[in-house]
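S.K.: Residues per chain, in single letters:
There are 2 protein chains.
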Amino acid sequence: MGNSEFRVTLENRAKEINGILEKYLPVEEGRQKTVIEAMNYSVRAGGKRLRPILMWEAFLMCGGREEERESVEPFLAAIEMIHTYSLVHDDLPAMDNDEYRRGRKTTWSVYGEAMGILAGDGLLNYAFETAAKSFLRCPSQEHMGRAAAAFVTLSRKAGIYGMIGGQTADIEAEGQSAPLSEEQLLFIHEHKTAALIQAAMTVGAILAGAGQEQIDALEKCGYNVGIAFQIQDDILDVTGDSAELGKPVGSDAQNGKQTYVTWKGLEQAREDVTALSDEAVRILDGFTGEHSFLKELILSLIHRTK
Amino acid sequence: MGNSEFRVTLENRAKEINGILEKYLPVEEGRQKTVIEAMNYSVRAGGKRLRPILMWEAFLMCGGREEERESVEPFLAAIEMIHTYSLVHDDLPAMDNDEYRRGRKTTWSVYGEAMGILAGDGLLNYAFETAAKSFLRCPSQEHMGRAAAAFVTLSRKAGIYGMIGGQTADIEAEGQSAPLSEEQLLFIHEHKTAALIQAAMTVGAILAGAGQEQIDALEKCGYNVGIAFQIQDDILDVTGDSAELGKPVGSDAQNGKQTYVTWKGLEQAREDVTALSDEAVRILDGFTGEHSFLKELILSLIHRTK
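Chains as they are written, first to last, in this note's numbering: chain A, 1 to 306; chain B, 1 to 306.
None of these hints come from the bench; they were simulated from the model. Nothing here was measured: the structure is a model prediction, and the numbers come from that model. Any given hint could be a false lead.
Restricting the straight-line Cα-Cα distance to at most 35 Å, the calculated cross-link-like pairs of lysine-lysine (DSBU-like) are [stated by the list, open to error]:
#  : chain 1 : residue 1 : chain 2 : residue 2
1  : B       : LYS33     : A       : LYS220
2  : B       : LYS15     : B       : LYS133
3  : B       : LYS48     : A       : LYS33
4  : B       : LYS306    : B       : LYS15
5  : A       : LYS33     : B       : LYS105
6  : A       : LYS257    : B       : LYS105
7  : A       : LYS15     : A       : LYS105
8  : A       : LYS295    : A       : LYS15
9  : B       : LYS33     : A       : LYS264
10 : A       : LYS220    : A       : LYS295
11 : A       : LYS257    : A       : LYS306
12 : A       : LYS133    : B       : LYS133
13 : B       : LYS33     : A       : LYS105
14 : B       : LYS33     : A       : LYS48
15 : A       : LYS264    : A       : LYS105
16 : B       : LYS220    : A       : LYS33
Far from chain B, by Cβ distances over 10 Å, these chain A residues were calculated [to be verified]:
#  : residue
17 : VAL8
18 : TYR24
19 : TYR41
20 : LEU87
21 : VAL110
22 : SER177
23 : ALA217
24 : VAL249
25 : SER251
26 : GLY256
27 : GLY265
28 : ARG282
29 : GLY286
30 : SER292
Glycine residues also receive a C-beta, built at the ideal position from the N, C-alpha and C atoms.
Please build the complete structure, drawing on both the sequences and the hints.
M.R.: Have a look at this one:
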């Protein structure tokens, strides 16, 4: 798959996900209109839609069929809503206190702090509400079992044993005077970022009816992709271009935040991104299903500049 | 059922629910220990455990059997976690800014604002994670279908079309200079409070395999109980005893907050509580299943002083 073909495919996939999200976003009406506006504002702020794209590609690679898309869609929408809620709450004054993200004002800075909290709560709740819709459209009992298992995985990886656990460790690390240990830093990256990438890939596999060995392999792959992605994020905070990124650079250093880069240095961090991504690709190559786009996507994470 | 028998039964039911909660609360360990401590602190702050008690009684009244308790327990724990998270976020400085609740310091005032946000997120997520555990222990496909339907109801009533919708309208009402309309006030009470009571009763019915007519009747009953409960709350903020309530009284008036009492007057508010509760009892009396304790519970809401 050539680079321009990959870019076109990636753009199309993101557009497809945006179309699915629009289908599932709540209508802005009623006395709860403001919180719905704030939720939709947050989701429509854009982003790479990486997690639903990874989920769909993992689903296809594991033998899922295009015709089954309707029962997968609720999960595609749900994981992006979960990702978005985490950003909305992360940006709050009591958390990272960010007024801009992706070149747009953050949710709380437009709608106020109380509505920022409620919009995040609303998105998290609506994500599970949306995923649960798949229960009502399963074509068979076997599909119902898969949807239930997928739900268990998604909710666990989003919670205290996944993303929220990572956010907790991250906040505590910011307040500590001693340097971060490697174990501490990797815990944060594994939970705050990798967990939801793992959820994306394993939920895709579970919904396709993959066996446990395949699910475990994709969990490992998702770990590598998530850690590599986060290290790259830390690298870009040092080397990136503010206009291209759509957010200020150097904010980690400014907040006295220790990152993979301050700990390992820029060169080692870059080498680690490459090694992690290479291993992730080797895992994918163990699958017989079509995965050329998925492979390119993972490789592109190494070279991304925004 | 005599008054002292009712009190003993209520106390026993609350103890049973506390036992179930302890079984489902996450263990305080790992690098995410602090958020888990904050979550458990919030749940262990006590409270009447009204929602899980209502759910279990509705389950039994609709023909559910004691032996099926294991598949109901995750929902009993989940609804109390959802109720608790809503209090944790409601107490935040950007929301109601309360430092005390039930005579204890609120979660954010013990663990800090960031951890208060994360503990609420953690509880909401863990509630759905916990409810999803019931999927893995359904004794039959029929039970699986019930659990899925119960999940759909619980998640909807907790979200923007339920509790979060009510919180949104409540916050907006606080900021408005014009007096609240009756429709606006009832929207807030229906969504902020009644929705989760409705969820409790209808989820209990759904898990017991009740028919749609029974589910609809309990939704109406839950509406009445929820509205009556909330009006009684407004009444107690005016007439209650601070030591007995375990929280300051007169806070609504102090915050310039309009309540059912400021709008309708104390006497009319009391009459409406009685009328709503009476109708709720009439609905329950339409059920052939045992419901003497459930009836007493609803009646006790009229006379509660804390």
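S.K.: If a hint holds in the structure, say so; if it doesn't, say that too.
M.R.: Against the structure, the hints come out as follows:
Proximity of LYS33/B to LYS220/A is assessed by CA-CA distance (about 24 Å); at most 35 Å being required, the pair is judged to hold. Distance check on the hinted pair: LYS15/B and LYS133/B sit about 22 Å apart at the alpha-carbon level, within 35 Å; holds. Pair hint LYS48/B plus LYS33/A holds up; C-alpha atoms about 32 Å apart against a cutoff of 35 Å. In summary, the hint linking LYS306/B to LYS15/B is supported, as the alpha carbons are separated by about 18 Å, within the 35 Å threshold.
Taking the CA atoms of LYS33/A and LYS105/B, the gap is near 33 Å; set against the 35 Å cutoff, the hint holds. Between LYS257/A and LYS105/B, the direct Cα distance comes to roughly 30 Å. Compliance with the 35 Å bound is thereby established for this hinted pair. Proximity of LYS15/A to LYS105/A is assessed by CA-CA distance (about 22 Å); at most 35 Å being required, the pair is judged to hold. Using a Cα cut-off of 35 Å, the hinted pair LYS295/A and LYS15/A holds, with the two alpha carbons roughly 20 Å apart.
The suggested pairing of LYS33/B with LYS264/A holds, with an alpha-carbon distance near 27 Å, which does not exceed 35 Å. For the hint pairing LYS220/A with LYS295/A, the CA-to-CA distance comes to about 15 Å; that is within 35 Å, so the pair holds. With a C-alpha separation of about 20 Å, the suggested pairing of LYS257/A with LYS306/A holds against the 35 Å cut-off. For the proposed pair LYS133/A and LYS133/B, the alpha carbon gap of about 17 Å is at most 35 Å, so the pair holds.
A threshold of 35 Å between alpha carbons decides the hint, and for LYS33/B with LYS105/A the separation of about 33 Å falls inside it, so the pair holds. As the CA atoms of LYS33/B and LYS48/A are separated by approximately 32 Å, the hinted pair is consistent with the 35 Å bound. As the CA atoms of LYS264/A and LYS105/A are separated by approximately 33 Å, the hinted pair is consistent with the 35 Å bound. With a C-alpha separation of about 24 Å, the suggested pairing of LYS220/B with LYS33/A holds against the 35 Å cut-off.
The Cβ of VAL8/A sits about 36 Å from the closest Cβ of chain B, beyond the 10 Å cut-off, so the non-interface label holds. For TYR24/A, the shortest C-beta to C-beta distance to chain B comes to about 13 Å, beyond the 10 Å cut-off, and the non-interface label holds. For TYR41/A, the shortest C-beta to C-beta distance to chain B comes to about 14 Å, beyond the 10 Å cut-off, and the non-interface label holds. Against chain B, the non-interface label of LEU87/A holds: every CB pair exceeds 10 Å, the least being about 12 Å.
Look at VAL110/A: its CB is around 15 Å from the nearest CB on chain B, clear of 10 Å, so calling it non-interface holds up. Annotated as non-interface, SER177/A keeps its C-beta farther than 10 Å from every C-beta of chain B; the closest such distance is 17 Å. At roughly 23 Å, the least C-beta separation between ALA217/A and chain B is larger than 10 Å, which holds for a residue marked as non-interface. The beta carbon of VAL249/A sits about 23 Å from the closest Cβ of chain B, which is more than 10 Å, so the claim that it is off the interface holds.
No Cβ of chain B approaches the Cβ of SER251/A within 10 Å, the least distance being about 17 Å, so the stated non-interface status holds. In this structure GLY256/A is separated from chain B by more than 10 Å, as the shortest Cβ-Cβ distance comes to about 16 Å. Here GLY265/A stays apart from chain B, with its beta-carbon at least about 24 Å from theirs, past the 10 Å limit. Every beta carbon of chain B lies more than 10 Å from that of ARG282/A, the smallest distance being close to 29 Å; the non-interface claim holds.
Under the 10 Å C-beta cut-off, the non-interface status given to GLY286/A relative to chain B holds; the minimum distance is some 28 Å. At roughly 34 Å from the closest C-beta of chain B, the C-beta of SER292/A stays outside 10 Å, upholding its exclusion from the interface.
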